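**Student:** The lines below spell out each chain.
Number of protein chains: 2
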Amino acid sequence: MASKKKVSIAVIRRLPRYYRYLSDLLLVDITRISSKELSTRMGITASQIRQDLNCFGGFGQQGYGYNVESLYKEIGNILGVTSRFKTVIIGAGNMGQALAHYGNFERRGFEIIGVFDINPELVGKKVNKIEILHMDLIDEFIKSNKVDIAILTVPYEQTPGLAEKMAGLGIKGLWNFSPMDLKLPHKMVIENVHLSDSLMVLGYRIKERYDEKPD
Amino acid sequence: MASKKKVSIAVIRRLPRYYRYLSDLLLVDITRISSKELSTRMGITASQIRQDLNCFGGFGQQGYGYNVESLYKEIGNILGVTSRFKTVIIGAGNMGQALAHYGNFERRGFEIIGVFDINPELVGKKVNKIEILHMDLIDEFIKSNKVDIAILTVPYEQTPGLAEKMAGLGIKGLWNFSPMDLKLPHKMVIENVHLSDSLMVLGYRIKERYDEKPD
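Heads up: the sequence lines are chains R and W, in that order.
So the first sequence is residues 1 to 215, counted in the working numbering.
So the second sequence is residues 1 to 215, counted in the working numbering.
What the hints contain is simulated information worked out from the structure, not anything from laboratory work.
Note that the structure is predicted; figures quoted are calculated from it, not measured.
Where hints are given, some of them may not hold.
In this list, chains with the same sequence are indistinguishable; a pair is considered to hold if it fits within one copy or across any two.
Keeping only pairs whose Cα atoms sit at most 25 Å apart, straight-line, the calculated PhoX-like set for lysine-lysine is [as the list claims (entries may be wrong)]: (1) K73 <-> K207; (2) K86 <-> K125; (3) K126 <-> K73; (4) K143 <-> K129; (5) K86 <-> K36.
Working from the sequences, and respecting the hints, build out all of it.
**Tutor:** Spelled out as structure tokens, the structure:
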């Protein structure tokens, strides 16, 4: 794998979607699928699908299509779904607590092992069986538990400072829920979640469907 | 605008990102930018950017680049940021409450006017100044307030039934936080939020950066 060609981030961002669709196909016992059929289901062009999957050596066969199970497994391997990441949540407000309860992450290999806040009313309480600890303890916790990922669900103004602190503590990846495109001059990987992007697309699609094509 | 060519959803999904980047440029008084510079900042190829923006008639000039402010305004118009959508949240658990507090939505034209739940411990409480109402009241509320959008933050198994109900009540768009790709045979637009997709991309990037290029 050391010689693996670097795959563009745009392709990588589509892989979890392929993975979900293939998982749905397996659930209904569909064992093979053409790029054309996959295209119809996913709303991506067939040529885009072939191009995407070719980046990984291609798993399809002319005239046969894709074997759903091997493609599913292969994409899972590429995404590293069997990896295990030790994860902490920083900010135990509503969003932090919601994420702590989201069982889907654990199934994907992201194990929440700590939740932190500075609010004395939250510290000591439990969220999904994990005791909320005070932020004073985080340096020690991250070091002794070799934490990989920090999920940041803190107010906007606290985000850059905390992100810097995480980089300094050796965190490898940050999942940022503050509405800002956080960029830092560190090796640490940052994924910014922009919930309002998805809401804006919803707004656009409603206007398109209800304003221009009355039925 | 009635004759507007249908733009592919892939392009539409990139627009909120252009919109955010241009907004950042305006904040630091950058008034024009080439597709090449925009490309470097956004990590999208320059040809992709030109292609995307050409879908809307193109706003760039050879040798000059894009006027940041007009491009920002134009993309805002396309996305309909001046639209107003009456929105309710169904499910006042942690995720529902987190979204009710997320001021960014209001700025984008999504006005939260109601929050609903069936849990007697939540009904009657206030979240961001809005009283949580019992689900028994939702039919009447949606009709009399002409609600456009419902945000669903309910458990997995309740999602399909509630989505059907919303379609029946004339809701135009659904923003679904349950980890399923909800599809219904209705006109209603559905945007599914897949938080774990973004987390999987984070996992991939960490592996790529830390396993293969040790430094």
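**Student:** The structure should be examined with respect to each hint, and the outcome stated for every one.
**Tutor:** Against the structure, the hints:
no. : hint          : result
1   : K73 <-> K207  : between (39 Å within a copy, 17 Å between copies)
2   : K86 <-> K125  : within (21 Å within a copy, 36 Å between copies)
3   : K126 <-> K73  : neither (36 Å within a copy, 46 Å between copies)
4   : K143 <-> K129 : within (22 Å within a copy, 41 Å between copies)
5   : K86 <-> K36   : neither (39 Å within a copy, 38 Å between copies)
Consistency with the previously given hints fails for numbers 3, 5, ordered from lowest to highest.
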